[in-house]
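Sequence order for the protein chains is A and D.
Here the first sequence is numbered in UniProt numbering, starting from 1 and rising by one per residue.
Here the second sequence is numbered in UniProt numbering, starting from 1 and rising by one per residue.
Treat the hints as calculated values from the structure; they're not laboratory data.
You can take every hint at face value.
If chains are identical, the list can't say which one is meant, so a pair holds when it fits in one copy or spans any two.
Calculated lysine to any residue pairs in the SDA-like style (CA-CA distance at most 25 Å, straight line):
{"no.": "1", "residue 1": "LYS16", "residue 2": "PRO254"}
{"no.": "2", "residue 1": "LYS16", "residue 2": "GLN34"}
{"no.": "3", "residue 1": "LYS49", "residue 2": "THR88"}
{"no.": "4", "residue 1": "LYS16", "residue 2": "PRO206"}
{"no.": "5", "residue 1": "LYS16", "residue 2": "ARG39"}
Protein chains: 2
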Amino acid sequence: MSAVRERFSFNQATAKYWPIPDLVTGCLAAGVTQVGLWREETLAHGLDKTATLIRESGLAVTSLCRGGFFQTPDWYDENRRAIDEAATLGAPVLVLVSGGLPDGSRDVDAARAHVGEAIGELVPHARAAGVRLAIEPLHPMYCSDRCVVSSLGQALDLAAPHPAETVGVVVDTYHIWWDDQVWAQIARAGREDRIACFQVADWATPLPEGVLLGRALPGDGCVELRRFRAAVDAAGYQGPIEVEVFNADVWARPGPEILDRTLSGYLAHVD
Amino acid sequence: MSAVRERFSFNQATAKYWPIPDLVTGCLAAGVTQVGLWREETLAHGLDKTATLIRESGLAVTSLCRGGFFQTPDWYDENRRAIDEAATLGAPVLVLVSGGLPDGSRDVDAARAHVGEAIGELVPHARAAGVRLAIEPLHPMYCSDRCVVSSLGQALDLAAPHPAETVGVVVDTYHIWWDDQVWAQIARAGREDRIACFQVADWATPLPEGVLLGRALPGDGCVELRRFRAAVDAAGYQGPIEVEVFNADVWARPGPEILDRTLSGYLAHVD
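With these hints in hand, go ahead and build the complete structure from the sequences.
Here is the structure:
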């Protein structure tokens with residue numbers, strides 16, 4: 001087993017309909033040692049029940065998705081809950097999808113400033129819980145409704161005022177592959193010790209129906225995934241490499257098959 | 001009639017199914033003095049016939065869309081033809097949509113480098129024809145299949161080696177509104193005298209079916225259109241302001257109604 005394969009983490013969202021107990025069994029059977037989890041699914045299964053199951057399985061949790069959505073009225077309480085859930089699950093990282101424009105607003109600058117302030121308010125709780133907040137830049141096509149943070153450079157700017165051990169960024173190939181600044185920003189993220197999470201998904205052309213599900217398994221798209229992995233490595237990141245793919249056709253397959261195809265794509269295009 | 005209204009240009013793509021003679025009559029009836037044209041439509045109506053009709057109408061042509069697609073094998077001849085058509089139509093500007101990745105390629109750097117080389121090869125013909133090439137950055141969601149130029153900064157970098165009177169850029173609000181570097185890059189575009197074309201469309205949320213048609217009339221989306229207009233003005237641009245909206249619901253309306261709604265939105269949100 002190569003070093004890169006040991007860093008593989010299977011993000012639960014790639015097999016959205018795989019029940020958590022089956023996911024755990026399936027990962028163990030495939031020799032996968034790490035998983036990324038989602039709040040909705042873990043809460044539906046039961047937070048403590050999931051935490052116990054994962055702990056007893058020996059699997060490591062690499063991240064919990066997701067906090068953020070700072071444009072909603074209850075962002076503060078909701079994100080504190082998300083931090084607590086990450087701590088309960090043993091996830092060292094909480095991924096933040098920062099939210100889009102407030103209803104009726106056109107002021108993206110103000111929305112971005114609010115994201116920065118909100119993260120600042122969450123830092124003490126995150127530090128106390130031992131959970132690192134990871135600001136995820138989402139593809140600019142989500143800027144209006146899901147995430148006003150649209151580039152790795154922006155995410156690093158937002159992280160900058162806060163201690164690196166508590167606030168980092170997510171490098172997700174799907175969201176940032178098009179950006180000609182991305183290589184410089186990955187190097188910067190390394191220098192500033194901000195890479196909290198590295199997620200891999202490919203870009204399918206044309207985008208499948210609905211921009212939310214337009215991701216492809218590694219190798220099924222046009223992203224230079226291995227170049228990203230090498231760049232993140234060169235920036236000093238030695239952590240897990242999650243594969244996280246939202247794709248209705250993938251989701252329709254049985255969990256073990258999805259995991260198998262994910263691992264094959266990963267070994268062929270990321271390793 | 002305000003100065004900004006005098007700068008209004010109705011891009012033909014906003015009323016895709018309005019026959020050219022009706023478009024001309026409709027614009028004149030509405031007091032609109034400028035139009036942006038498309039190659040497909042003008043060729044379908046007849047290039048010389050369109051040129052004569054427009055000239056006799058007194059309408060000014062502000063741009064012709066589009067050249068580019070430099071990843072296709074016949075890009076050189078095709079773009080020379082597009083330059084000639086722009087000259088015939090009296091369009092001072094040919095908009096370039098640079099094309100996506102070549103089939104099977106993942107090398108976006110190479111594709112961008114090729115765009116720069118291709119434009120360089122077209123400069124002599126464009127200069128001789130008196131047509132300015134305008135590099136249009138398209139939204140990053142089109143990077144793989146339509147345009148590897150994804151930001152205004154990139155477009156300006158590509159334009160930089162060439163004389164500003166022959167190679168400029170397009171500022172299109174729909175494509176670049178999400179970019180936090182856009183204000184600095186608009187100012188730079190002014191300093192470098194590169195703004196060849198200013199196009200306005202709004203961003204609808206959620207995107208309508210199919211990312212190609214996800215544009216909205218001015219005011220029907222979340223873009224700070226007036227801020228863009230003021231920024232472009234402050235950068236020294238005094239030229240036409242085209243409204244160009246691809247939207248199936250808009251296209252389904254009669255031409256005069258589309259033009260009326262376009263003008264209303266323009267006066268309320270751009271003027």
